[in-house]
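*Asks:* Sequence:
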Amino acid sequence: MSPSLFFKLALGALAVPSAVFAIPTPAPIDRRVIGETSPIGARAPSLKILIGNDDGWAEGNIRQLYDDTRKAGHNVALSAGAKNGSGSSSLNIAFGTVTDSLYNTIPRGAPQAGFNQTDPRLNYFNGTPVAAIANGFKELPNKFWGGAKPDIVLSGPNVGSNLGAITLFSGTVGVASFAAGQGVPAIAFSAGDDTRVPFTALQAGDAAHVYSQLAMTITNRVTSSTPFLPEDVLLNVNFPKTSAQCSKPEDFKFVFTTVYPLAKTIGCTESVRTPAEADVIAAGACLVSISAMGSNKFDVDTAKQTTVFNKLSPILSCADVKDHILSAILPLGTVLGRRDELEDGVAGTVQGAVDTL
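Heads up: the sequence shown is residues 190 to 546, going by the numbering used here.
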């Protein structure tokens with residue numbers, strides 16, 4: 190039995206939700222957070238959105254999210270690595286001239302930075318994921334937004350989960366953390382399905398489509414009023430694997446979580462604690478975890494949790510998920526399951542760095 194299968198079986202047996210239910214309708218009070226300038230339920234008609242990831246600019250998940258945000262009428266630009274940079278955390282390293290690229294989408298010897306000839310909003314940067322999004326912050330505002338910063342940065346959806354301590358090493362989270370540090374709200378999306386699919390192989394209704402629609406639902410909720418998120422706060426969102434029971438966006442429920450199991454929490458209701466994201470994903474019940482973290486990649490304080498919870502409450506459900514001692518080490522199973530991908534990403538980062546010497 191493989192290590193990843195062992196973890197999946199063990200966690201599936203130990204972490205079954207005893208109840209999943211919608212948050213009760215609150216009393217008729219003003220639930221807007223201090224400083225909001227538009228009512229809950231409204232959404233900005235057009236947002237300046239910068240999209241990045243750590244899997245590379247030609248990965249199916251990021252291209253699907255790019256397509257869907259543009260179809261929704263937003264002013265979108267993509268800036269991602271020329272190749273897979275998984276596991277590079279917040280490293281900011283430029284690699285120089287392209288020597289290899291994801292799915293061979295960029296000619297060898299191409300410049301360090303470039304764009305799709307038929308769609309100049311699709312930009313690559315030959316460097317780590319954070320270097321790619323940093324280049325997007327530097328070069329794309331003048332090109333597409335009249336010099337203004339993006340309204341929000343979306344990272345991913347990543348190929349594979351990013352839970353608990355693994356967020357410290359995730360390039361997907363690194364991208365969102367960088368954006369938050371620049372004063373721009375950000376959301377890191379990660380998907381339980383860990384099969385790589387080039388954008389040329391996307392099919393209607395596949396996992397990339399489902400994850401993109403779920404990401405859009407969360408993004409619409411976050412941007413329904415200003416400020417989108419508290420200062421220096423980003424969201425870490427994990428989608429479970431798709432399955433026969435979890436095959437359409439409407440099959441999923443959103444649960445507010447913490448990154449770490451021992452973090453101070455506000456509680457979903459008076460009787461239901463806020464679970465750790467690892468426990469929610471391990472439950473295997475079409476549950477999406479949403480955690481609020483700072484740019485330092487740790488859980489935010491309870492005041493900021495409350496602000497985010499109130500903003501998201503119209504789409505949230507409570508999940509009475511059983512605790513188990515493995516919740517703190519679930520990310521180990523994630524690493525074992527994604528070993529090949531992470532090795533490829535780290536190897537690409539090391540080789541890219543060597544090429545610059």
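Note that these hints are calculated values from the structure, not bench results. Honestly, I wouldn't trust all of these hints.
When the alpha-carbon atoms are kept at most 30 Å apart in a straight line, the in silico DSSO-like pairs for lysine-lysine are as follows [said to hold, decoys possible]:
#, residue 1, residue 2
1, K493, K442
2, K437, K237
3, K237, K442
4, K437, K327
5, K430, K338
6, K338, K437
7, K430, K442
Only a predicted model underlies this, so the values are computations on that prediction, with no experimental measurement involved.
*Asks:* Please go over all the hints and tell whether each is borne out by the structure.
*Replies:* Consistency of the hints with the structure:
Proposed proximity of K493 and K442 is supported: the alpha carbons are some 22 Å apart, at most 30 Å. A hinted pair counts as satisfied when its Cα atoms are at most 30 Å apart, and K437 with K237 qualifies at roughly 27 Å. Using a Cα cut-off of 30 Å, the hinted pair K237 and K442 holds, with the two alpha carbons roughly 27 Å apart. Between K437 and K327 the alpha-carbon distance is near 37 Å, which puts this suggested pair outside the 30 Å criterion.
A hinted pair counts as satisfied when its Cα atoms are at most 30 Å apart, and K430 with K338 does not qualify at roughly 34 Å. Simply put, K338 and K437 have alpha-carbon atoms about 34 Å apart, too far for the 30 Å limit, and the pair is violated. Distance hint between K430 and K442 is fulfilled; the C-alpha atoms sit about 13 Å from each other, no more than 30 Å.
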